[in-house]
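**Student:** Here's the letter readout for the chains.
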Amino acid sequence: MKVALVFPPQGHFTQPYLSLPSLAAFLRGHGFEVHQLDESIGSYDHFLSRERLERSLERVAPEIALAALDGREELDFSAMERYQLLSELALIGRDVTLNIDEAKRVLRSRDEFYDYERYLWAGRTIEQGLRLFSAEYAPSRLTAHGFVTRYSVERSSEIIAALSDERENPYLEYFREFTLPRLQAIDPDLIGISVTFPSQAIPALTLCRLIKRWKPSVHITLGGGLLAYVADKLSKRPEIWSLIDSFVMLEGEGPLLRLAEGIRDGNLDLSTIGNLIYRGASGEVVKTPRGEPLDIKLLPTPDFDGLPLDKYLTPELVLPLAATRGCYWGKCVFCTLYTVIGPGYRGRTIAQTVEDMQKLSAKHKTKHFYLAIEDLPPNMAKRLPEAILDAGLDVSWWADARLEHDTFDQEVCDMLAKSGCKRLAFGYESASRRVLARMCKGIDPDASMELVRRVRKAGISVTLYAMIGFPTETREEAEMTLAAILENRDLIQEVSARVFYLDESSEIYRRRQEFDIVEVYPDPQSDLQVYYDFKPGSGMTRREARDVYLEFTKKLRSHFPVFQNTNMLYHELKSHYFLYLAEHGSWEALRDKVLSREVSGTRRAAVGPRPLAVRALRTRELAFDRARIDQRLSSIDSFTLRPRYQSDLVDDEDRARFDRELPREPREGSTLLYDARTAELHCISPAAAALLLRCDGTRTPEQVIEIVPQPVRANARDCLMELALHGWISEGGWIAEEQRR
Amino acid sequence: MNPPKNDKPEPSNPPSADREPAAAPDAAPDAKKPGMKYVFKIAPADPKRNSIDFEDVADK
Numbered sequence: 001m002k003v004a005l006v007f008p009p010q011g012h013f014t015q016p017y018l019s020l021p022s023l024a025a026f027l028r029g030h031g032f033e034v035h036q037l038d039e040s041i042g043s044y045d046h047f048l049s050r051e052r053l054e055r056s057l058e059r060v061a062p063e064i065a066l067a068a069l070d071g072r073e074e075l076d077f078s079a080m081e082r083y084q085l086l087s088e089l090a091l092i093g094r095d096v097t098l099n100i101d102e103a104k105r106v107l108r109s110r111d112e113f114y115d116y117e118r119y120l121w122a123g124r125t126i127e128q129g130l131r132l133f134s135a136e137y138a139p140s141r142l143t144a145h146g147f148v149t150r151y152s153v154e155r156s157s158e159i160i161a162a163l164s165d166e167r168e169n170p171y172l173e174y175f176r177e178f179t180l181p182r183l184q185a186i187d188p189d190l191i192g193i194s195v196t197f198p199s200q201a202i203p204a205l206t207l208c209r210l211i212k213r214w215k216p217s218v219h220i221t222l223g224g225g226l227l228a229y230v231a232d233k234l235s236k237r238p239e240i241w242s243l244i245d246s247f248v249m250l251e252g253e254g255p256l257l258r259l260a261e262g263i264r265d266g267n268l269d270l271s272t273i274g275n276l277i278y279r280g281a282s283g284e285v286v287k288t289p290r291g292e293p294l295d296i297k298l299l300p301t302p303d304f305d306g307l308p309l310d311k312y313l314t315p316e317l318v319l320p321l322a323a324t325r326g327c328y329w330g331k332c333v334f335c336t337l338y339t340v341i342g343p344g345y346r347g348r349t350i351a352q353t354v355e356d357m358q359k360l361s362a363k364h365k366t367k368h369f370y371l372a373i374e375d376l377p378p379n380m381a382k383r384l385p386e387a388i389l390d391a392g393l394d395v396s397w398w399a400d401a402r403l404e405h406d407t408f409d410q411e412v413c414d415m416l417a418k419s420g421c422k423r424l425a426f427g428y429e430s431a432s433r434r435v436l437a438r439m440c441k442g443i444d445p446d447a448s449m450e451l452v453r454r455v456r457k458a459g460i461s462v463t464l465y466a467m468i469g470f471p472t473e474t475r476e477e478a479e480m481t482l483a484a485i486l487e488n489r490d491l492i493q494e495v496s497a498r499v500f501y502l503d504e505s506s507e508i509y510r511r512r513q514e515f516d517i518v519e520v521y522p523d524p525q526s527d528l529q530v531y532y533d534f535k536p537g538s539g540m541t542r543r544e545a546r547d548v549y550l551e552f553t554k555k556l557r558s559h560f561p562v563f564q565n566t567n568m569l570y571h572e573l574k575s576h577y578f579l580y581l582a583e584h585g586s587w588e589a590l591r592d593k594v595l596s597r598e599v600s601g602t603r604r605a606a607v608g609p610r611p612l613a614v615r616a617l618r619t620r621e622l623a624f625d626r627a628r629i630d631q632r633l634s635s636i637d638s639f640t641l642r643p644r645y646q647s648d649l650v651d652d653e654d655r656a657r658f659d660r661e662l663p664r665e666p667r668e669g670s671t672l673l674y675d676a677r678t679a680e681l682h683c684i685s686p687a688a689a690a691l692l693l694r695c696d697g698t699r700t701p702e703q704v705i706e707i708v709p710q711p712v713r714a715n716a717r718d719c720l721m722e723l724a725l726h727g728w729i730s731e732g733g734w735i736a737e738e739q740r741r
Numbered sequence: 001m002n003p004p005k006n007d008k009p010e011p012s013n014p015p016s017a018d019r020e021p022a023a024a025p026d027a028a029p030d031a032k033k034p035g036m037k038y039v040f041k042i043a044p045a046d047p048k049r050n051s052i053d054f055e056d057v058a059d060k
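Chains as they are written, first to last, in my numbering: chain F, 1 to 741; chain U, 1 to 60.
Chain F extracted, bound-state conformation (with noise of 0.2 Å):
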């Protein structure tokens, strides 16, 4: 009797997630023979590789399809689309190709990945070389925190069409090449799939199609947090139950030992499973009643053998791990993580979570964790530490945490700082009081910053969550969010904002009518719909709420160091700034020390006597001016368009306008220019490039200039000094990328 365990892409690759290693753990402490396989990092792992991009790049072509792109007239909006990127594919693809591995190693890499500069240099190339695989199944775009497709993972009809769609759906190929392999060699008689995200709904159904095509007998169990929103909607289709057996709602760990045991003993009977939804022998789907929440005091420590740990793109592993399930607090009526994925709050002993480091941390030498829970208690703040210490630890970590004034006083926050964490999370929401309330967050905006600030004086980073457009909230009382946390920004690190949206499960959906919800549009085409479009009936109007979202944003955009252009620390990348600042100690460190420091050391203001482009440098004149196409397709935000669920890709709909309507964008030239020691890419004009041209080591400055007319003569020289800024040029004889490196 075997069981496989599979995470299906597409998660993040900077570390693994907690849902396999905690069912492992607990299969294997009853005797069973467990598999797991992060289909996730391996997918990753595979499409970034040499061997896979040369194979993208021989498939998209970028310089036969750019050809045809140059010679048109004028570019239409999808054009514009198709020729931002095959622009960027065309200079940089084979470069990139090269490289990739390259960029793998150095974010595995200890020494490197703490380099910036190389670790920018890595961090670029690997976007760079995930957008060179996307071209091959465009539409469909895979980064390095989503996976998106055409097909909208609200209705199950698309899905359903995204599972056999070899020309936009990159996993069939992956699973046949290499997961179905895997798992045939294992011969499983038990599959349990985990669907954290939206993301990879479309995956895992994909590979529930293979697995059955080839073992029909095999049982196949999809559970996680996703399906704890959509299982009961997604049962209600016939098909799926041609490509799984069974769904787990919320803890995995008994309704999958029981469907172990009953496989082993020959005597599976589901109908005696609690919190499990499958078909019955007439057809008709059939959901057992909910079981009891475990006490998770009884369950072992994570087990994360067989992961492919060494395969995460981070320099030193950083391990989830649960020391609580549920929310304490679990009233605010927006959420339904209390509700719906962890109905009951329940903790392991502080004895246990400290037990829990100490093993993981000393069989995979590691020093770094991520608390996995809604929010640290308060009884954690107080003792963890403490504990931590007493046991001799030497570790780093973060978690979300609550907004709790009486707790997080100064000797707490000094005592969690020593104990190792550098990161707390906090949901701040608004500066509002009434709005507050409302929400039933139990915290006063006043306190809750003062409480920011003494979490800032023991040197943790600071992350707060804010919500716009709460019902009845108003403009102003938005505005006064935005002016609290400007006015603090010193004592923030990050803000994560967003618009709130109407969750069907959640406390103000139930009682919408006592916060003005006068009107809920669900789409009749969606079966999977989660949240719903609505009509305040006061406060902001919902597009109100996304201009006020928008400039928010733009505001943080303009004073958070995180929210600026080298911002691949903090966005991309989960693991990525809180490894950093563990390396550097504390944020201020780490601002000092890295992020204000000047990125190249090749910059220089002064242009040499006998200026010489530098050899790491290509560039492709482009037939169009792509820094106007960069600029015209990012104003298509959020609020030009009609967001979709989990996608960021322009509707078909909106498409077709746009291309109807839009003006054309005419031929203009320009240069793109790509830095192959920063990997960065950037476009200049014509008359730019022409400067950069004649800087070949024979000219003065001055000679360089004089095909220019004398009016706009200090313009080019100008212009000189910014291509000296970027390191582009070199004094004359010396080569700028050969002292760097």
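Just so you know, these hints were derived from the structure itself, not from any lab. Just so it is clear, CB atoms sit at the ideal spot from N, CA and C, and this is done for glycine as well. A few of these clues could be false.
[To be verified] Capping the alpha-carbon separation at 25 Å, the derived lysine to any residue pairs in SDA-like fashion look like this: (1) F/LYS365 x F/ALA623; (2) U/LYS37 x F/LYS363; (3) U/LYS41 x F/ARG694; (4) F/LYS212 x F/ARG258; (5) U/LYS41 x F/THR349; (6) F/LYS535 x F/GLU507; (7) U/LYS37 x F/ALA623; (8) U/LYS37 x F/VAL395; (9) U/LYS41 x F/LYS331; (10) U/LYS41 x F/ALA676; (11) U/LYS41 x F/ASP490; (12) F/LYS363 x F/ALA391; (13) F/LYS331 x F/THR349; (14) U/LYS41 x F/ALA613; (15) U/LYS41 x F/GLY608; (16) U/LYS37 x F/ALA391; (17) F/LYS2 x F/ARG155; (18) F/LYS297 x F/LEU389; (19) F/LYS382 x F/PRO308; (20) F/LYS555 x U/ILE42.
[Claimed, not checked] Footprint (simulated), chain U over chain F, 3 or more residues, beta carbon under 8 Å: (21) 679–693; (22) 714–728.
Following the hints, put chain U in place on chain F, whose structure we already have.
**Tutor:** For chain U alone, coordinates are given in the frame of chain F:
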């Protein structure tokens, strides 16, 4: 499902409540103007859209 949390199955962008058709994005700048030939411009070539960046901080 608010607020955004780590490791939680949340959408990366909110659904819209706007029932009306989307507004058109910025119009194209005027066609080539006299003097454009000696414009010296250097801009980062960044294919990212603005729309989803912020919602993913510390989320997914």
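**Student:** Please verify whether F/LYS212 and F/ARG258 have alpha carbons no more than 25 Å apart.
**Tutor:** OK: F/LYS212 and F/ARG258 at ~22 Å, within 25 Å.
**Student:** Can you confirm whether the C-alpha distance between U/LYS41 and F/ALA613 stays at or below 25 Å?
**Tutor:** holds (17 Å)
**Student:** Given the hint that U/LYS37 pairs with F/VAL395, test it: the Cα-Cα distance must not exceed 25 Å.
**Tutor:** With a Cα-Cα distance of about 59 Å, the restraint between U/LYS37 and F/VAL395 is violated, given a limit of 25 Å.
**Student:** Given the hint that F/LYS2 pairs with F/ARG155, does the C-alpha gap stay at or below 25 Å?
**Tutor:** violated (34 Å)
**Student:** Can the restraint linking F/LYS382 and F/PRO308 be considered satisfied, given a maximum Cα separation of 25 Å?
**Tutor:** Violated: F/LYS382 and F/PRO308 sit about 35 Å apart, past 25 Å.
**Student:** Decide if the proposed pair is consistent with the structure: F/LYS365 and F/ALA623, CA atoms, cutoff 25 Å inclusive.
**Tutor:** Roughly 54 Å separates the two Cα atoms, so the pair is violated.
**Student:** Between U/LYS41 and F/ASP490, is the straight-line Cα distance small enough, at 25 Å or below?
**Tutor:** Measuring from Cα to Cα gives roughly 34 Å; hence the hint is violated.
**Student:** Is F/LYS555 within 25 Å of U/ILE42, Cα to Cα?
**Tutor:** Holds, because 24 Å separates the two Cα atoms, which is no more than 25 Å.
**Student:** Holds or violated: are the alpha carbons of U/LYS41 and F/ARG694 at most 25 Å from each other?
**Tutor:** holds (16 Å)
**Student:** U/LYS41 and F/ALA676 were given as a pair; does the straight-line alpha-carbon distance stay at or below 25 Å?
**Tutor:** Satisfied, since the Cα-Cα distance of roughly 20 Å is no more than 25 Å.
**Student:** Could you grab the alpha-carbon distance between U/LYS37 and F/ALA623 and see if it respects the 25 Å cut-off?
**Tutor:** Holds: U/LYS37 and F/ALA623 sit about 14 Å apart, inside 25 Å.
**Student:** Compare the distance between the alpha carbons of F/LYS297 and F/LEU389 with 25 Å, and conclude whether the hinted pair is satisfied.
**Tutor:** Holds. F/LYS297 to F/LEU389 sits at ~22 Å (cutoff 25 Å).
Of the numbered hints given earlier, the model fails hints 1, 2, 5, 8, 9, 11, 16, 17, 19; all others are met.
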